[in-house]
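Undergrad: Each chain is listed here by its residues.
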Amino acid sequence: MNIDKPKLVELLVDKTGMQPEDVERQLDQLIERIVDAANRGKALEIKDFGLFYFDESGELKFDAAEELSTEISFKYAGMKPVELKPERDSSMPPLDIQQGNEELDSEPDTVPSKPITEAIEEDDAEQDPFGLDDESEDDFDFLSDIEEPVTETEEADEVAAAVVPEEKPLKKEKSSPVKKIPPRKKSNAGFIAIAAILLLVILIGGTIWFMDTLNNSEETAETSAAELPVLVVPDELSVITEEDEDNIDQLTAIEEAETEDGDLPVEQEPETEVEEEIDAVPATQQQISEQPLYGLRGAVLDEANDGYSIVIHSFNTEETARTTAATLTQDGYRTLVNSRTVAGNSMWRVSVGQFETLSDAQEAARQLPTPYNTQNFIHRIQIN
Amino acid sequence: MESEFIIAFKEVLREQFVDKHKVDIEGLGTFEVKHREQHQKKYDNGKVVMIPPADVLEFKSNIRISNEY
Numbered sequence: 079m080n081i082d083k084p085k086l087v088e089l090l091v092d093k094t095g096m097q098p099e100d101v102e103r104q105l106d107q108l109i110e111r112i113v114d115a116a117n118r119g120k121a122l123e124i125k126d127f128g129l130f131y132f133d134e135s136g137e138l139k140f141d142a143a144e145e146l147s148t149e150i151s152f153k154y155a156g157m158k159p160v161e162l163k164p165e166r167d168s169s170m171p172p173l174d175i176q177q178g179n180e181e182l183d184s185e186p187d188t189v190p191s192k193p194i195t196e197a198i199e200e201d202d203a204e205q206d207p208f209g210l211d212d213e214s215e216d217d218f219d220f221l222s223d224i225e226e227p228v229t230e231t232e233e234a235d236e237v238a239a240a241v242v243p244e245e246k247p248l249k250k251e252k253s254s255p256v257k258k259i260p261p262r263k264k265s266n267a268g269f270i271a272i273a274a275i276l277l278l279v280i281l282i283g284g285t286i287w288f289m290d291t292l293n294n295s296e297e298t299a300e301t302s303a304a305e306l307p308v309l310v311v312p313d314e315l316s317v318i319t320e321e322d323e324d325n326i327d328q329l330t331a332i333e334e335a336e337t338e339d340g341d342l343p344v345e346q347e348p349e350t351e352v353e354e355e356i357d358a359v360p361a362t363q364q365q366i367s368e369q370p371l372y373g374l375r376g377a378v379l380d381e382a383n384d385g386y387s388i389v390i391h392s393f394n395t396e397e398t399a400r401t402t403a404a405t406l407t408q409d410g411y412r413t414l415v416n417s418r419t420v421a422g423n424s425m426w427r428v429s430v431g432q433f434e435t436l437s438d439a440q441e442a443a444r445q446l447p448t449p450y451n452t453q454n455f456i457h458r459i460q461i462n
Numbered sequence: 285m286e287s288e289f290i291i292a293f294k295e296v297l298r299e300q301f302v303d304k305h306k307v308d309i310e311g312l313g314t315f316e317v318k319h320r321e322q323h324q325k326k327y328d329n330g331k332v333v334m335i336p337p338a339d340v341l342e343f344k345s346n347i348r349i350s351n352e353y
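First to last, the protein sequences are chains G and V.
The first sequence begins at 79 in our numbering and counts up one residue at a time.
The second sequence begins at 285 in our numbering and counts up one residue at a time.
Please keep in mind that the hints were generated in silico from the structure rather than gathered at the bench.
Every residue gets a Cβ at the ideal spot worked out from N, C-alpha and C, and that includes glycine.
Watch out, some of these pointers could steer you wrong.
Straight-line distance between alpha carbons at most 20 Å, and here's what the computed PhoX-like set of lysine-lysine pairs gives [stated by the list, open to error]:
hint, chain 1, residue 1, chain 2, residue 2
1, V, K318, V, K344
2, V, K294, V, K306
3, G, K93, G, K83
4, V, K294, G, K93
5, V, K326, G, K158
6, G, K83, V, K304
Restraint-style ranges between C-beta atoms, simulated for each label pair [what the hints assert, rightly or not]:
hint, chain 1, residue 1, chain 2, residue 2, range
7, G, N383, V, V340, 23 to 29 Å
8, G, D82, V, E286, 19 to 25 Å
9, G, F455, V, H323, 24 to 30 Å
10, V, Q322, G, A274, 55 to 61 Å
11, V, Q322, G, R111, 35 to 41 Å
12, G, E88, V, I335, 36 to 42 Å
13, V, I335, G, A143, 18 to 24 Å
Chain V extracted, bound-state conformation (with noise of 0.2 Å):
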């Protein structure tokens, strides 16, 4: 595999995440970008944090272990 179209692909991939496309490969699953509202998160020793927004890349497969020892 040529180190070229690694560097292609990631790039091809990332340009898509960033104007929010979803991809689906076949063979391999779908990545889609999401947004994430802004939240509040609680711990258990009480404290109270405030986690900003962000967009997330969430990765979706079906491709499942095949030979498992």
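Okay, chain G solo, but in the shape it has when bound (with noise of 0.2 Å):
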């Protein structure tokens, strides 16, 4: 169907209630102004909408806005580009010989390697620290960094004693006598580096242990201090432990009543005891300053207008839409109610939830009850 000047006018004096003329005034004005712009070299944007500029050959271009790109385009929203494989043949062998080349190369350094640092830097974290630390507690500084060296030279010893029984099978394994000498050079350095590995663990860790233990002495103090107004009225403290449990004893039967209600997460103040209240109207009002901003269920939140919703429901007079709409709402659902005008018929359509995106709406409807699940389709909200 093709809207020419004349009936895009009727449609907007059909969506406003305007004046013919002032229609067709406002639209003269609103094209003028376009390309106004658009010839002082400036691009006009209309929010939500799009960008009408001239483009470098002097053509009047428009920019469609992502949110009409979107809606236009709904059918297949989240549908997303595709990387095809290229072909086998060419590039996947390369590919392979590298990797085979850089596990041979690589497994006598690392993989024996680091599981036997992983083993002794355990083994040592629970015996050093406390042998330093317990020294640094009594002896301070002077001790400590005197003492630091020599369990250091002990444990490189212990590395190196670790580390060569265990190679040497696995080089074995491998029975390539070139490949045999490079890795014992790596392996020197590697002694080097897992002794400076844990001399650096054993600093740190010697370090924490101790700040921890004056942090602790100093807590310790202040809590004894902080112990001493509460042995003074301990009738006060009882009292509102004793108000604590039952308040959590509330909130968890709302919790549990309202999880068999539409599993909504949204707490209650604990005053409301009766079970049966959460469906009544204050405790609607309750949700509406509780509830998430967009969301299937719940009461509808003005704020939430901007992002899309499920269309489950399309009827040729506002009175079935309405009340099919208010059996929707005592399900739970955030119903919205809004007409649109198709082939010159106005259609009142009944909508669930209020979503940021398409794709929530799009995994919300697929959760819907089975006639809504399939037949449905999403828009964007729109009020009239």
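Need the complex rebuilt from these two chains, each delivered in its own frame; the hints are there to steer you.
TA: Below is the structure:
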């Protein structure tokens, strides 16, 4: 169907309720402004609609805004470009060879050494900090500084003893005489690296432990001081804890009731003890203040009207649309009713949920009860 | 110009686009929604990407820049 300017004016009159002359005048004004702005080398943007501008060749162009593009292409929303695999014959074999070489070179060095360092680190972390820190607590900096180098050399010896026997069988498995020499050189460097890492770990561990013990001693001093007033008024404290327990009971009771009601993660004030009241009107008012901005269920939020909704009914008359919407609202859905002009007839659309993104809405639409999870479509929320 | 009019203008056009109607605004240009089939796109680096189908809005205009600097 082709919509020309008179037809467009007609539609605008239907939409706004303004006088046809008024609409025509405003439309002319808008066109004038677009062309005028473009002439001055500027782009005129209509928010959530698009951008009018002159390109290099001096032709008037229009770029649709993202919101408009996604709505027009709503059928294909969420489809993303897929990279197809390149042909295997040409590209894959060289990659395999490279990977194979890397594995051969790296295995003797890294694979055996990693587990050993981990094991040693674990052992030392358990043993050494205690020894160090006991000394450092007693004798402070002088002794600890002197004694650390001694422990390092011992550890370095331990590492050497531990690594050498385990590497030899591995090399025998590989049985490549040419490669035996370079790994050994590397392994020497590896010992130094391992010793250095161990040194660092011990130093850091020791200082952290020492700091912790200092802090703890301070904290214990503070808590012991803070415990004094508590001892003076024990009655008040016990009263408060009892109340808290009561509150927790009420909260859990209400949460259980709500999960049965509609899986809403909504908290309620502990005063509403009667579970049946959750369906009643005052409860929904509380839900408005605490429910998430977007979602399928709950009450309709005006602030969430910039999102998307799932249309599940379309009626010719407003009355049937309103009654259907009322039953849906009773079932706990956020229900919206609005009118659209389709092929000259105004249709009343009943939609559920308010969603921030199209994909959120699609996800929720799949989880609707059976007649609706297949028979629906998603549109942008519009307020009439 | 009233913002009410702009909002109505946007909504009317949006409805027409979704219904796949061609909108011809005299003095401005023609809006038309076209369907683009899914197709393969080859990049220079040999990567081949399958582009999904889409409905895209096309705008054509006879208006040309009037006073070039």
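Undergrad: All hints, please: hold or fail.
TA: Structure-based check of each hint:
no., hint, in the structure
1, K318(V) <-> K344(V), "12 Å, holds"
2, K294(V) <-> K306(V), "15 Å, holds"
3, K93(G) <-> K83(G), "15 Å, holds"
4, K294(V) <-> K93(G), "11 Å, holds"
5, K326(V) <-> K158(G), "16 Å, holds"
6, K83(G) <-> K304(V), "17 Å, holds"
7, N383(G) <-> V340(V): 23 to 29 Å, "27 Å, holds"
8, D82(G) <-> E286(V): 19 to 25 Å, "23 Å, holds"
9, F455(G) <-> H323(V): 24 to 30 Å, "25 Å, holds"
10, Q322(V) <-> A274(G): 55 to 61 Å, "57 Å, holds"
11, Q322(V) <-> R111(G): 35 to 41 Å, "38 Å, holds"
12, E88(G) <-> I335(V): 36 to 42 Å, "38 Å, holds"
13, I335(V) <-> A143(G): 18 to 24 Å, "21 Å, holds"
Comparing the model with each earlier hint shows no violations; every hint is respected.
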